[in-house]
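S.K.: Chains as they are written, first to last, in my numbering: chain A, 1 to 333; chain B, 334 to 610; chain C, 611 to 993.
One or more hints might be untrue.
Said to hold, decoys possible - Each computed DSS-like pair below joins lysine-lysine, with the alpha-carbon atoms no more than 30 Å apart:
1. B/LYS516 to A/LYS329
2. B/LYS600 to A/LYS329
3. A/LYS268 to C/LYS967
4. C/LYS882 to A/LYS265
5. A/LYS230 to B/LYS485
6. B/LYS385 to C/LYS717
7. A/LYS298 to C/LYS876
8. A/LYS225 to C/LYS955
9. B/LYS593 to A/LYS229
10. C/LYS654 to C/LYS967
11. A/LYS257 to C/LYS710
12. A/LYS229 to B/LYS589
13. B/LYS516 to A/LYS265
14. B/LYS589 to A/LYS306
15. B/LYS593 to A/LYS328
16. B/LYS421 to B/LYS385
17. A/LYS6 to B/LYS562
18. A/LYS268 to C/LYS668
19. B/LYS440 to A/LYS268
20. B/LYS600 to A/LYS306
21. C/LYS667 to A/LYS257
22. C/LYS753 to A/LYS306
23. A/LYS154 to B/LYS562
Stated by the list, open to error - To be clear about the criterion: a stretch of chain B counts as covered by chain C if any three or more of its residues have a C-beta under 8 Å from a C-beta of chain C, and this derived list gives those stretches:
24. 398 to 412
25. 520 to 532
Stated by the list, open to error - Far from chain C by the CB rule (all over 10 Å, computed), these chain A residues:
26. LYS6
27. LEU33
28. GLU56
29. GLU86
30. ARG92
31. LEU134
32. ARG163
33. TYR199
34. LYS257
35. THR303
36. VAL313
The set of hints was computed from the structure by calculation and includes no laboratory data.
All residues carry an ideal CB built from backbone N, CA and C; glycine is no exception.
Listed here are the chains, written in short residue letters.
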Amino acid sequence: MTKKQKSIWVFGDYRNYFQNRVTLQLLSKAFDLAHVISAEVCAVVFGHEVDEWIMEYTAHGADRILVIDHPSLKSYSTENYLALIEKLARERDPEIILIGATDFGREFAPRLAKRLNTGLSADCVGLDITDDGLLLQIAPSFGGNMLAEIVTEKYRPQMATVRPGTFKEIPHNYERKAIVERLPLMEKLSKSRIRLIEYERAVVREHTIENATVIVCGGRGLGNKKNFKKLDELANLLGGDVGATRPVVYANWADHKALVGQAGKHIKPKILFSFGISGAIQHTAGLGEADFIIAVNKNPQATMMKMADVAIVADASDLLGSLIKEIKKRIRD
Amino acid sequence: MLNIIVCIKQVPRVTELPWDEKSGTLRRDLAAGMINPACKHALEAGLQIQEKIGAMVTVLTMGPPAAEEVLREALAMGANRGILISDKRFAGSDTYATSFFLATAIKKEIPCYDLILCGAYTSDSETAQVGPQLAEELQIPAAAYAENMDIKGSTLRVRRLVDNFRETLEMEFPALVTVSMEKYLPRYTTLAGLENAFVDSNISTYDADALGISDNAIGRQCSRTRVRKVYLRKAQKENVILTGTAAAVVSDFLNKYENKISAAIGKTIEEKEPGND
Amino acid sequence: MQYNPCMKHKLIRNSVRHFAETELEPVAAQIDRNATFPRNIIEKMRPLNYFGLQVPKKYGGADLDSISAAIVVEEISRVCAAVGLCVTVHNGVAIYPLLKFATQEQKETYLPKLASGEVLGAFSLTEANAGSDSGSVETTAVKNGNKYILNGTKIFVTNGGVCDLALIFALTGSGQKHPLSSVFIVESNYPGFLRGELEDLCGMRANPVSSLFFEDCPVPEGNLLGKSGEGMKIGLATLDNGRIGIAAQALGIAQGALEAAVKYAKERQQFKKPIASLQTIQNYIADMATEQTAARLLLYHACSLKDQGAPFGCEASMAKLYCSSVAAKTTSLAVQIHGGYGYSKEYNVERYFRDAKVTEIYEGTSEIQRMVIARSVLSQLIL
């Protein structure tokens with residue numbers, strides 16, 4: 001008798017699809033992990049008229065799709081989806097379940113973990129397989145200054161939630177095929193204890209430099225205002241914000257609102273570009289929470305260069321121009 | 334009169350705790366404690382309901398004896414009663430175990446509650462899991478990210494913002510709500526309140542035995558996850574230096590790091606320069 | 611004496627610190643630069659009982675012990691010494707004499723409004739010719755029917771520009787050896803109560819310090835505090851208490867300076883390492899930290915004597931003398947540690963430095979404190 005194949009489930013969170021691609025990102029990661037433990041990648045989709053998602057998930061790495069398509073599942077309902085996935089999980093015993101840490105996922109995943117009597121790590125910034133075949137869940141703690149490596153040794157499924165933007169999605173391949181299991185709504189869903197009264201799209205939260213994921217900062221090393229203004233183009237390409245040092249603000253190359261540093265805005269970007277900045281202490285004191293810093297400066301000994309993850313020795317303005325040109329060539333939506 | 338429970342947690346005061354190289358652990362003992370900011374929002378929500386329609390607000394926390402501090406602060410802000418559950422055997426619990434212990438305390442000491450309020454997440458572990466898992470333990474309906482609550486009799490309407498959708502949900506008590514960090518800005522504590530919190534306080538402490546939690550139960554309901562290692566994130570920084578002509582460096586840089594940038598911006602930057610089209 | 615902060619003192623410190631950091635920190639540098647009194651922040655402090663620290667609950671106060679009250683002043687002063695000054699003067703030398711010497715009727719009339727901060731209080735003894743020599747007061751209060759008519763000028767009145775009520779020391783007669791003085795509760799809306807221009811000071815600039823002019827100002831006889839001729843007695847008792855408040859204020863300033871210096875020393879790199887690794891800097895920090903701990907214990911010792919009902923004047927003077935000198939030294943070292951940046955208004959330490967200096971001068975100069983302490987020590991039969 002063949003051993004039952006392991007499966008890695010990814011919950012299909014398709015709301016806000018174009019901005020939020022976390023399911024596709026998790027499918028890609030699941031694809032990598034699946035190779036190590038010889039598992040299949042399985043997307044789980046609940047809703048109504050979900051063929052579009054079935055196609056996308058197939059194209060992005062799923063080997064199998066479990067679908068329950070029914071009018072009563074049209075809008076997201078934590079309680080209904082929990083009941084369905086709990087039943088499926090008990091029947092099919094997945095090895096791992098990955099859920100995107102959207103607002104929905106962060107409420108949904110812990111409740112599922114509790115029902116399945118298993119452990120869950122939230123907001124993982126990394127996932128791997130340990131030498132003993134366990135899911136290694138790497139999660140931040142203490143405001144992100146520490147990382148913890150967590151495992152769920154005895155209980156199954158091993159569960160983790162992951163924030164959008166942590167993993168990169170595999171480019172789509174519409175030639176791929178997956179096994180699509182269209183399952184019936186097995187039982188009449190017991191009347192949810194929560195009634196949805198109203199439901200509308202809300203205005204997206206105001207985007208400010210304080211919650212920007214990508215920030216491109218410029219200093220006097222850029223030379224002049226015209227060169228500094230090129231940062232706007234890079235910021236637009238990367239969907240980020242422009243920051244400035246104090247001398248640049250005083251020189252009127254940038255508005256005071258863009259000041260970054262001890263007296264300026266408190267930033268915590270995933271990626272920070274630093275063009276032509278030497279790294280005076282009032283500026284660097286504000287950069288402690290940037291995940292990944294790329295500094296560009298003619299002077300390899302500048303403090304900013306020492307602080308950076310990647311230090312590019314070049315004329316800031318020249319490099320900025322070349323970077324913009326090259327990114328434009330390579331970027332795909 | 335409504336019976337409200339607010340779950341609060343004491344968290345270390347500083348975001349950067351000193352790191353003990355020898356033992357490979359955080360020196361948690363060095364940090365003074367404070368009420369987790371998100372829990373303060375939950376408490377504020379409870380106090381606003383108390384002011385509007387009248388309620389008995391009990392604050393509940395699980396922690397070492399020093400956690401009594403957060404209960405006193407909550408009393409100073411206006412809570413009526415505080416309960417601390419504390420036992421060496423609770424130490425090191427993950428959210429799975431914590432939600433079980435809290436639920437046990439609630440079922441035993443405050444069984445006739447209407448509404449449980451929790452903070453969205455803690456500033457130390459940030460999992461945001463205890464609220465939802467507590468609701469599962471108690472088998473009550475729950476809603477997270479509440480911006481607004483409306484109570485009519487035993488019916489609760491919650492308005493919330495979830496993934497750019499504004500939902501209005503309705504449910505019957507008993508229910509659990511976790512509160513948004515954007516609303517319910519906590520009030521400042523009055524000095525008279527603090528003075529009163531120590532003069533005529535109403536705080537009870539229970540350990541595992543007092544709650545009727547046997548060692549067996551602790552074994553069965555223990556943490557499901559285990560932390561194998563903790564390390565400083567900053568320790569991972571390399572300092573890679575790139576030099577050369579602008580074009581070559583840019584190409585080199587994008588080839589090496591496009592993965593990271595693509596993930597952060599949600600678009601794809603091709604790994605190799607695309608061929609001539 | 612063991613000092614282990616009890617849970618209550620810790621919570622009080624944390625909660626006031628939280629308020630100060632959230633509300634005062636963002637504006638502290640700007641209100642100092644422009645010398646503006648932050649009326650809107652004062653309004654936010656009112657419901658939190660910051661203006662009725664040791665007033666009994668029946669009058670709407672918090673009824674705190676003296677260490678708790680000192681902690682409140684410390685924590686506000688750590689962020690903005692000028693506002694800390696407003697709070698300590700209001701509580702320590704405007705309300706305190708009422709608690710000790712007022713009649714029941716005076717208490718009921720004035721304490722609730724003072725405790726709620728609806729009415730801000732001031733205390734004025736100092737005149738152009740009467741600083742340390744407070745016996746040389748020239749302001750007069752002449753009885754006329756059921757009123758006293760006040761004439762004179764008081765200078766350097768803390769809270770002068772905004773106070774609604776002031777305790778005024780005036781001559782009411784001539785005694786055998788010394789002229790007799792008395793204390794009057796004077797409301798700012800009495801005719802003939804005039805405020806001078808705000809002083810342009812080196813530090814504490816957000817506090818509205820001004821002169822007060824009395825031109826035939828009529829004060830009801832029911833507003834005489836204590837008995838006629840008790841001015842000196844009330845004054846000395848009040849200053850004993852005021853010293854505790856100023857010591858707390860100085861301690862708060864020193865605390866802020868020490869924290870800023872430590873933070874900077876860890877971040878600033880010279881010679882390829884943080885300056886905190888250099889022995890000279892470490893010596894400075896060791897001295898600052900040690901002196902601050904000693905100052906704190908001395909202050910809390912004076913506070914607990916006061917709460918026990920024991921004589922505390924000498925210890926209060928010691929605390930004021932020592933805390934203010936520690937503040938002056940610590941803030942100077944903090945600027946030094948910051949180097950050139952410490953001299954710039956871009957960082958806060960130059961403000962701490964300017965604010966600290968006056969703590970060695972007002973409410974009894976350090977020279978006067980030494981006089982008080984020496985007299986006390988020399989007068990004891992057995993040391």
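S.K.: Against which earlier hints does the structure fall short, listed by number upward?
M.R.: 1, 3, 5, 6, 11, 16, 18, 19, 21, 22, 35
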